[in-house]
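Produce the complete structure using the sequences and hints provided.
Those protein sequences? They're chains V and L, same order as listed.
Residue numbering for the first sequence follows our numbering, beginning at 1 and increasing consecutively.
Residue numbering for the second sequence follows our numbering, beginning at 377 and increasing consecutively.
Among these hints, one or two may not hold up.
Stated by the list, open to error - Computed footprint of chain L on chain V, listed as stretches where at least three residues anywhere in the stretch have a Cβ under 8 angstroms from a Cβ of chain L:
1. 84-94
2. 115-124
Said to hold, decoys possible - One side only, chain L facing chain V, incomplete, derived with CB under 8 angstroms:
3. L839
4. E841
5. M845
6. A848
Claimed, not checked - Derived Cβ-Cβ restraints for the label pairs, each shown as a range:
7. V:R83 to L:A551: 40 to 50 angstroms
8. L:L769 to V:A37: 31 to 41 angstroms
9. V:N179 to L:L769: 22 to 32 angstroms
10. V:P82 to L:R654: 41 to 51 angstroms
11. L:P558 to V:S33: 44 to 54 angstroms
12. L:R934 to V:E125: 29 to 39 angstroms
In short, the hints are calculated from the structure, not lab data.
None of the values given here were measured: they were computed from a predicted structure.
C-beta atoms are modelled at their ideal positions from N, C-alpha and C, and glycine is treated no differently.
One letter stands for each residue in the lines below.
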Amino acid sequence: MSQPPVPVRRAASIEVRDLVVRYGAVTAVRGISFSVAAGEHVTLLGPSGCGKTTTLRAIAGLEPPESGEIRIDGQPVFSSSPRVRVPPEQRGLSMVFQSYAIWPHMTVFDNVAYGLRVRKMPEAEIRERVAWALGLVQMRELATRSASKLSGGQQQRVALARAFVFGPAVLLFDEPLSNLDAKLRAEMRLEIKELQRALGITSVYVTHDLEEALAISDRIVVMRDGAIEQAGTPAEIYDLPRNPFVADFVGSANLIEGRPRPELAGPGLVALETAGGAIVHGTAYGRRPGDRMCLSVRTVHVRLSRERPAGAVNVWPATVRRRVFQGDFTQYRLDWDGRTLVVRGVTADPVDEGSTVYLTVEPRHCVLLEGETRPR
Amino acid sequence: MESRARARRLWPGPRLVSLLVGGAAAVLVLYPIAFLLQASLSVGDPQARPPEAYGLGNFADLPRYGHIFANTVSVAVAATVMAVVFGFVMGWILSRTNVPGRGALEQLMALPYYVTPLMGALAWSLIGSPSGGFLNQVWRAVGGESHLIDVTTPYGIAWVMALFEGSVAFVMIGAVMKSMDPALEEASQVLGAGRLRTMLRITLPLVLPGVLGAAIFVFAEMLGSFSAALVLGLPSRFYVVTTAMYQLVSQYPPQFPRAAAMGVSLFGVMFAMVYVYRRIIRAGSYATITGKAFRPRVMDVAGLRWPLLALCGAYLGIAVVLPVVTLLYASFQRLATAFPRASNFTLANYETALSLDAVRTALWDSLLLGLGTASIGVVLMGFLAWMIYRSRLPGVGAIEYVLMFPQAVPRLVFAFGMLWAWLIFPIPIYGTLWLLLIAYLTVFLPLGLRTIAGVMLQIDRSLEESAQMCGASWGYRMRTVTMPLLRPGLIAAWLLLFIASVRELGASILLMGPKAKVITPTIVESWFSTSTELTAAMALLQTLAVSVALVLLFTMARRATQPAGE
Numbered sequence: 001m002s003q004p005p006v007p008v009r010r011a012a013s014i015e016v017r018d019l020v021v022r023y024g025a026v027t028a029v030r031g032i033s034f035s036v037a038a039g040e041h042v043t044l045l046g047p048s049g050c051g052k053t054t055t056l057r058a059i060a061g062l063e064p065p066e067s068g069e070i071r072i073d074g075q076p077v078f079s080s081s082p083r084v085r086v087p088p089e090q091r092g093l094s095m096v097f098q099s100y101a102i103w104p105h106m107t108v109f110d111n112v113a114y115g116l117r118v119r120k121m122p123e124a125e126i127r128e129r130v131a132w133a134l135g136l137v138q139m140r141e142l143a144t145r146s147a148s149k150l151s152g153g154q155q156q157r158v159a160l161a162r163a164f165v166f167g168p169a170v171l172l173f174d175e176p177l178s179n180l181d182a183k184l185r186a187e188m189r190l191e192i193k194e195l196q197r198a199l200g201i202t203s204v205y206v207t208h209d210l211e212e213a214l215a216i217s218d219r220i221v222v223m224r225d226g227a228i229e230q231a232g233t234p235a236e237i238y239d240l241p242r243n244p245f246v247a248d249f250v251g252s253a254n255l256i257e258g259r260p261r262p263e264l265a266g267p268g269l270v271a272l273e274t275a276g277g278a279i280v281h282g283t284a285y286g287r288r289p290g291d292r293m294c295l296s297v298r299t300v301h302v303r304l305s306r307e308r309p310a311g312a313v314n315v316w317p318a319t320v321r322r323r324v325f326q327g328d329f330t331q332y333r334l335d336w337d338g339r340t341l342v343v344r345g346v347t348a349d350p351v352d353e354g355s356t357v358y359l360t361v362e363p364r365h366c367v368l369l370e371g372e373t374r375p376r
Numbered sequence: 377m378e379s380r381a382r383a384r385r386l387w388p389g390p391r392l393v394s395l396l397v398g399g400a401a402a403v404l405v406l407y408p409i410a411f412l413l414q415a416s417l418s419v420g421d422p423q424a425r426p427p428e429a430y431g432l433g434n435f436a437d438l439p440r441y442g443h444i445f446a447n448t449v450s451v452a453v454a455a456t457v458m459a460v461v462f463g464f465v466m467g468w469i470l471s472r473t474n475v476p477g478r479g480a481l482e483q484l485m486a487l488p489y490y491v492t493p494l495m496g497a498l499a500w501s502l503i504g505s506p507s508g509g510f511l512n513q514v515w516r517a518v519g520g521e522s523h524l525i526d527v528t529t530p531y532g533i534a535w536v537m538a539l540f541e542g543s544v545a546f547v548m549i550g551a552v553m554k555s556m557d558p559a560l561e562e563a564s565q566v567l568g569a570g571r572l573r574t575m576l577r578i579t580l581p582l583v584l585p586g587v588l589g590a591a592i593f594v595f596a597e598m599l600g601s602f603s604a605a606l607v608l609g610l611p612s613r614f615y616v617v618t619t620a621m622y623q624l625v626s627q628y629p630p631q632f633p634r635a636a637a638m639g640v641s642l643f644g645v646m647f648a649m650v651y652v653y654r655r656i657i658r659a660g661s662y663a664t665i666t667g668k669a670f671r672p673r674v675m676d677v678a679g680l681r682w683p684l685l686a687l688c689g690a691y692l693g694i695a696v697v698l699p700v701v702t703l704l705y706a707s708f709q710r711l712a713t714a715f716p717r718a719s720n721f722t723l724a725n726y727e728t729a730l731s732l733d734a735v736r737t738a739l740w741d742s743l744l745l746g747l748g749t750a751s752i753g754v755v756l757m758g759f760l761a762w763m764i765y766r767s768r769l770p771g772v773g774a775i776e777y778v779l780m781f782p783q784a785v786p787r788l789v790f791a792f793g794m795l796w797a798w799l800i801f802p803i804p805i806y807g808t809l810w811l812l813l814i815a816y817l818t819v820f821l822p823l824g825l826r827t828i829a830g831v832m833l834q835i836d837r838s839l840e841e842s843a844q845m846c847g848a849s850w851g852y853r854m855r856t857v858t859m860p861l862l863r864p865g866l867i868a869a870w871l872l873l874f875i876a877s878v879r880e881l882g883a884s885i886l887l888m889g890p891k892a893k894v895i896t897p898t899i900v901e902s903w904f905s906t907s908t909e910l911t912a913a914m915a916l917l918q919t920l921a922v923s924v925a926l927v928l929l930f931t932m933a934r935r936a937t938q939p940a941g942e
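As structure tokens, then:
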């Protein structure tokens with residue numbers, strides 16, 4: 001990565017406090033708070049309608065919140081009391097839109113130069129910076145092309161270059177890869193990560209795609225119904241989901257419910273008995289078991305074997321009901337304990353449908369979930 | 377980060393301007409309507425302003441004019457049925473069959489709209505009036521009795537109206553037929569239904585709301601139409617509501633309150649119609665008829681291709697070619713007759729028309745007004761469209777509703793309200809071109825707004841937002857992103873406003889003063905007071921002037937603004 005010809009503006013921090021956004025009678029965001037440190041890459045992750053895009057647009061200033069406070073670099077850009085409303089164009093941010101929003105009536109060069117021209121930069125400097133930015137996204141040769149004649153991937157690159165060329169303090173991404181095909185998406189994901197690191201810029205990224213979130217974030221904020229379900233590093237979110245929603249949304253997990261059997265639990269472990277009578281040992285990770293317990297078991301953490309393996313806990317027989325070949329792995333649906341369990345096994349040694357297998361899960365992979373914090 | 381104080385000072389800018397302009401436009405619409413209502417409730421001396429006493433007497437009197445309302449409804453129903461049949465048949469042929477030359481024909485289908493009902497009425501009067509109509513002359517020459525057709529009858533008037541409104545119905549119905557996902561019909565056939573069954577069970581129910589919507593829209597327009605009924609009906613004393621109102625206002629002493637009561641009733645009915653129309657359009661846009669442009673499935677009509685093509689040709693011939701040729705033919709004759717004689721041909725009508733001061737100034741004033749209306753209108757309506765469909769300011773829904781009012785008010789009725797409103801206005805603009813300019817800007821608000829909004833709604837909001845995120849201020853965004861993207865819509869709106877203004881009759885005929893004449897009412901005056909041949913020449917000169925003006929303007933505009941990056 002080449003050095004920018006002009007120093008990039010210092011990365012800024014973002015604080016969101018008690019943010020509420022309403023559309024008429026619908027509350028899209030219900031009083032959420034989180035912060036993004038300077039230079040950090042945070043992703044808002046959640047299903048559609050969870051309020052993540054609304055939150056991003058509120059930070060950008062494109063959506064007027066009802067109440068709360070948003071600070072950028074310590075300065076309030078929105079606050080309900082005292083009333084502060086800095087218009088989007090004065091917040092020093094930049095944004096990549098889901099639709100790319102490339103202006104079809106301009107060339108690639110003009111699109112990228114837009115933010116620099118707004119800032120009344122000398123034309124020579126504009127040429128230098130646009131060339132640098134287009135170089136970073138590998139679009140230098142297409143500078144003179146009309147923007148209406150670009151492919152989806154090319155438009156995405158231009159949108160990126162246009163967003164960072166003028167050195168914004170914060171870069172916002174609104175599902176930028178959702179309109180690309182799977183292969184291009186994986187490629188652009190890496191490029192965006194490279195770019196974030198090279199620019200040292202603060203970024204907030206919105207997506208519903210778990211892989212994308214895990215790949216590019218320093219921290220992930222999982223949202224549902226306008227509220228934050230969990231915030232943490234990608235590893236924390238993946239390994240220690242707080243509740244059934246996060247466990248299920250972030251990767252695929254089996255949820256095993258039952259009543260606590262503390263007398264069976266080994267040191268540092270918890271144990272529960274399912275409705276079918278199976279005893280499952282799990283790990284509390286500092287969480288307190290309640291009257292009803294729920295363990296989350298990732299589908300990749302269950303091992304299948306034809307012979308009964310040695311081991312005292314968490315070994316059960318099960319029947320293979322359906323086997324689905326998925327390339328890199330093979331997905332099994334198993335009859336176990338009167339219910340269905342989903343397991344991802346290696347493709348190299350497939351187990352036949354109808355056969356009986358033994359399941360093993362290490363207790364450290366059976367993660368105790370917190371009880372439901374609010375009624376659904 | 378800019379300072380907080382600066383942010384606060386700048387932010388309300390566009391908001392305040394928007395509400396001021398939107399509010400002013402709403403007043404422009406509501407002010408005359410208020411006066412129309414006031415006049416309709418005046419029961420004292422009919423000439424007194426403001427009214428001496430209020431009451432419902434004028435409305436109680438309306439049953440006396442029952443035959444006029446009956447005339448209006450029967451003409452409108454007949455014309456609507458014909459127009460919708462024209463529109464449906466042409467729409468089906470041009471969007472769903474493989475008739476040759478569909479692309480070009482579709483463009484040509486706009487022509488009847490530009491011929492205007494007035495020109496059509498003048499021409500059809502020459503063709504089909506019972507005594508002197510060319511067709512009836514021919515009929516008698518080949519041994520027929522009395523006359524073959526009579527366009528001065530209600531059905532004749534409806535026929536002339538339908539020919540021109542058919543092009544509107546075509547545009548509306550054709551759009552519905554095109555916006556239907558062909559997969560819906562294909563699914564029916566895959567499931568084993570035959571072509572006929574698919575047509576009856578799938579195609580028809582899906583296009584029906586659109587056709588119904590078009591029918592209601594056309595019916596509302598017909599109720600308020602004026603020029604054909606004036607030209608063809610007045611000589612035989614056949615009145616519809618608009619012509620009766622005109623008669624009540626222009627007779628001596630004028631019967632303002634009674635005319636106002638008629639106008640209010642018509643307004644009420646049309647308002648209900650337009651309301652129903654909008655409900656149908658909103659509800660009928662099921663999930664199946666999306667805004668997406670599909671490639672409609674084209675039916676192979678095999679041997680029927682040429683007859684269907686001939687049908688389209690016949691419509692265009694009757695609605696466009698025949699009227700224009702008839703007027704041309706008549707305008708070069710001393711005494712219009714079906715049978716050409718060398719001694720009868722003359723250029724005198726054109727010489728007279730061009731030498732008449734009234735015609736020259738009226739034509740010039742009209743072009744000037746058209747230029748003014750179109751240029752001011754595009755800026756005003758462009759801004760209003762942006763405000764209504766983009767700004768998300770509070771209250772824009774109500775403003776949109778009010779601005780669409782003129783669509784439900786016949787222009788004559790609207791002008792009547794303005795007549796009263798501006799007579800008492802402290803700035804003396806009554807009887808000047810300024811009043812006409814204001815009138816045109818008001819009555820053409822829906823036309824301009826719809827045209828611009830059509831393009832604006834296709835521009836993704838994020839195109840403007842991304843400019844904002846690049847730090848561009850409101851003015852800068854407008855100049856560099858919004859306006860350039862809107863250009864096709866603005867040009868189309870300019871064109872429509874210019875053409876509509878130069879040819880406006882209903883509002884102009886009431887509002888023009890002796891010192892500020894415009895061309896279309898002058899043509900109508902000439903029709904009633906001078907010769908048919910001279911009038912034909914004037915109507916053609918008007919069309920010629922509009923065309924020349926447009927060509928000139930566009931050559932100039934193209935030279936001035938070579939689009940970049942296209």
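To see whether the hints hold, each was checked on the structure:
1. Under the rule that three or more residues need a Cβ within less than 8 angstroms of chain L, the assignment of the segment 84-94 of chain V holds, with 11 such residues.
2. Coverage of a stretch by a chain is defined here by at least three residues with a beta carbon nearer than 8 angstroms to that chain's beta carbons; for the segment 115-124 of chain V and chain L the count is 3, and the condition holds.
3. The interface hint given for L839 of chain L holds, since its Cβ lies 5 angstroms from the closest Cβ of chain V, which is under the 8 angstroms cut-off.
4. The criterion of a C-beta within 8 angstroms of any C-beta in chain V is met by E841 of chain L, whose closest approach is roughly 6 angstroms, and the hint holds.
5. With 8 angstroms as the threshold, the beta carbon of M845 of chain L comes within range of chain V, its nearest partner Cβ sitting at about 4 angstroms, so the hint holds.
6. The criterion of a C-beta within 8 angstroms of any C-beta in chain V is met by A848 of chain L, whose closest approach is roughly 5 angstroms, and the hint holds.
7. As the Cβ distance of R83 of chain V to A551 of chain L is approximately 46 angstroms, the hint placing it in 40 to 50 angstroms holds.
8. Here the CB-CB span from L769 of chain L to A37 of chain V is close to 36 angstroms, well matched to the stated 31 to 41 angstroms.
9. Distance hint check for N179 of chain V and L769 of chain L: the Cβ-Cβ separation is about 30 angstroms, which falls inside the suggested range of 22 to 32 angstroms.
10. Under the hint 41 to 51 angstroms, the C-beta atoms of P82 of chain V and R654 of chain L, about 43 angstroms apart, fit the expected range.
11. Taking 44 to 54 angstroms as the suggested C-beta distance range, the pair P558 of chain L and S33 of chain V conforms, at roughly 51 angstroms.
12. Checked against the hint of 29 to 39 angstroms, the pair R934 of chain L and E125 of chain V passes, with Cβ atoms roughly 35 angstroms apart.
Comparing the model with each numbered hint stated earlier shows that all of them hold.
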